[in-house]
Structure formats: structure tokens, C-alpha cells
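A.B. asks: Sequence:
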Amino acid sequence: MRPDARESLATRVAHLLRALDAQVSAIDNDVPAEHLAQEIGRVSLTTDAVSGADAVVLLTDHDDVDHQLVEREARWILDCRNRLSGTNVELL
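Going by this note's numbering, the sequence shown opens with residue 1262, and the numbers climb by one from there.
Heads up, a few of these hints could be off.
Unchecked claim - If you anchor each label on the Cβ, the simulated ranges turn out as follows:
1. A1294 with T1348: 30 to 38 Å
2. S1346 with E1300: 30 to 38 Å
3. G1347 with A1294: 14 to 22 Å
To be clear, the hints were calculated from the coordinates, so they are not data collected in a lab.
Beta carbons: idealized from backbone N, C-alpha and C, even for Gly.
Based on the sequences and whatever the hints tell you, model everything.
C.D. replies: In C-alpha cells:
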């Protein structure tokens, strides 16, 4: 059974960001596309995707995420899982 993100906190945060007119993309291969809201695009975790974002919000704790790439390439990170460190990281 695949995870259902429709009622997850990550989905709630994404909707709140969208309400502020933010462009929101998700990187989570565990969640089926039909469980993502239409206005939330799915992107692959690449250097271009991370460096092109104004901010990265780490809401889930997946071991298959390249955290070093995120730390190195993101302009600003809100880490809600206490996984990252650096001058561009703020912990929640």
C-alpha cells in the first residue's frame, strides 16, 4: 500500500503556501501523483530544482533524499525534521 498524503501535514503546509501565492513543488516519490493537489507540481531532486527554488521546506524524513545536495544547493531551508545544518538552514 502506498502512502496517502491527502491529509498529511505536508499537504496542509503546501496549501497554506499556495494561499500566499507561492509556487509549490513536491519531491516525494512515495506519494502517488493522484494524491497531490493539482496546483502542486512534482519535481525530481536535482541540483537545478533545489538551486532554482527560493526556499526548501523539509517536512518529511525520508532516507532516500540526498540531504547533502539540499544543504549545498538551497538558498534557504526550513528544516522541520532536524536533519540539516549550515548557514542557510533554520530549524523548526
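A.B. asks: Which hints, by number, does the structure contradict?
C.D. replies: 3
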